[in-house]
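Participant: Residue-level listing of the chains:
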Amino acid sequence: MLTIYQSVNRALKVDDAEAFQWSQLPRPGTEVTLGNYRWIAVEIQPYVAQGLETIYLVFVARAELPIPRKADWSWSFMKRRSPNLSFNVQFSRDREMLNFGWSMDGAPPKVLRLHDYIPAGEGMQAQPRPWVIQEIYHFLPQTNGLYSAIHLCWCDAVATAA
Amino acid sequence: MKRRIAIACLGLALVGCETNELSVPLPIGGGGTAAGYYTPAQSAPMVPYGAEVSLYRDYDPYTEQRETHGVVSPEDCYTMETKLQLTRRVRLSEILRNRSGGDLEYVCAFEGDDAEAGWSFQEKRWRN
Numbered sequence: 578m579l580t581i582y583q584s585v586n587r588a589l590k591v592d593d594a595e596a597f598q599w600s601q602l603p604r605p606g607t608e609v610t611l612g613n614y615r616w617i618a619v620e621i622q623p624y625v626a627q628g629l630e631t632i633y634l635v636f637v638a639r640a641e642l643p644i645p646r647k648a649d650w651s652w653s654f655m656k657r658r659s660p661n662l663s664f665n666v667q668f669s670r671d672r673e674m675l676n677f678g679w680s681m682d683g684a685p686p687k688v689l690r691l692h693d694y695i696p697a698g699e700g701m702q703a704q705p706r707p708w709v710i711q712e713i714y715h716f717l718p719q720t721n722g723l724y725s726a727i728h729l730c731w732c733d734a735v736a737t738a739a
Numbered sequence: 002m003k004r005r006i007a008i009a010c011l012g013l014a015l016v017g018c019e020t021n022e023l024s025v026p027l028p029i030g031g032g033g034t035a036a037g038y039y040t041p042a043q044s045a046p047m048v049p050y051g052a053e054v055s056l057y058r059d060y061d062p063y064t065e066q067r068e069t070h071g072v073v074s075p076e077d078c079y080t081m082e083t084k085l086q087l088t089r090r091v092r093l094s095e096i097l098r099n100r101s102g103g104d105l106e107y108v109c110a111f112e113g114d115d116a117e118a119g120w121s122f123q124e125k126r127w128r129n
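So the protein sequences, as listed, match chains E and A.
Residues in the first sequence are numbered consecutively from 578, following our numbering.
Residues in the second sequence are numbered consecutively from 2, following our numbering.
Calculated directly from the structure, the hints in this document are not laboratory data.
Mixed in with the good hints there might be a few duds.
[To be verified] Only pairs whose alpha carbons sit at most 35 Å apart, straight line, appear in this in silico DSBU-like list of lysine-lysine: (1) K656(E) with K84(A); (2) K687(E) with K647(E); (3) K647(E) with K84(A).
Modelling step: build the complete structure from the supplied sequences, incorporating the hints.
Facilitator: Structure follows, in structure tokens:
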């Protein structure tokens with residue numbers, strides 16, 4: 578069972594705003610500790626695909642802060658600008674999280690090869706990683722979800738050019 | 002009551018929980034286990050059998066009209082899109098986590114007739 582945690586608080590470092598677990602699901606209203614902070618699970622959205630375990634999207638709010646209005650959640654802004662917003666996450670076959678992202682039009686990732694973006698001179702240069710998406714499974718919201726879909730991507734290691 | 006539970010979670014420690022009075026609806030049912038956590042009453046393999054699978058044509062980021070920029074937050078991608086569209090035919094297509102470290106933790110991917118392939122640029126000037 579995949580549980581995806583997303584912070585509703587703005588202005589957090591990315592590793593504090595997202596977490597992925599293959600384990601239990603918190604009850605709504607309970608407190609959890611993820612990374613450097615304590616959180617309250619404020620909403621849980623299931624995403625389903627036929628024949629597959631449900632993915633649970635858990636929205637968490639910083640425990641020591643007032644819970645923001647839903648309209649002010651960090652992801653609500655993206656949803657207003659991109660009504661078909663979808664989320665995608667890439668895993669290795671041994672369930673190592675490799676990367677994640679959002680698609681404005683709800684589509685799965687368009688670039689199957691994973692990349693890093695390395696600072697180079699005045700810019701950033703895309704550098705291929707030794708991972709390529711091999712399978713994509715589409716999970717749809719069981720009820721009204723933030724995302725039009727969650728695309729679960731399984732990746733295989735590939736050789737990189739010398 | 003607090004209960005400490007050790008869970009492997011890709012570098013993020015999940016530690017016990019405490020029920021409070023916050024009332025938030027849970028849209029589905031499930032079986033109960035430890036305080037604050039439960040395992041939903043369903044079981045099916047995550048690696049599936051015969052479910053919908055899609056494979057898509059890959060892009061070559063060095064030749065196709067896909068332009069990427071590093072930003073501090075996902076919202077900055079929309080700010081950048083608004084400003085770019087004043088003079089160029091591009092649209093925000095994707096937002097990716099940038100694993101490379103530094104302040105630019107996200108990458109905005111733009112497509113469209115005026116998107117330039119090959120390089121992506123640090124665009125701190127687009128913020129604010």
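Participant: Next step is simple, just say for each hint if it's right about the structure.
Facilitator: So, going through the hints one by one against the coordinates:
1. For the hint pairing K656(E) with K84(A), the CA-to-CA distance comes to about 19 Å; that is within 35 Å, so the pair holds.
2. At roughly 30 Å between alpha-carbon atoms, K687(E) and K647(E) fall within 35 Å of each other, so this suggested pair holds.
3. Between K647(E) and K84(A) the CA atoms are separated by roughly 27 Å; this keeps the pair inside 35 Å, and the hint holds.
Of the hints listed earlier, there is not a single one the structure fails to meet.
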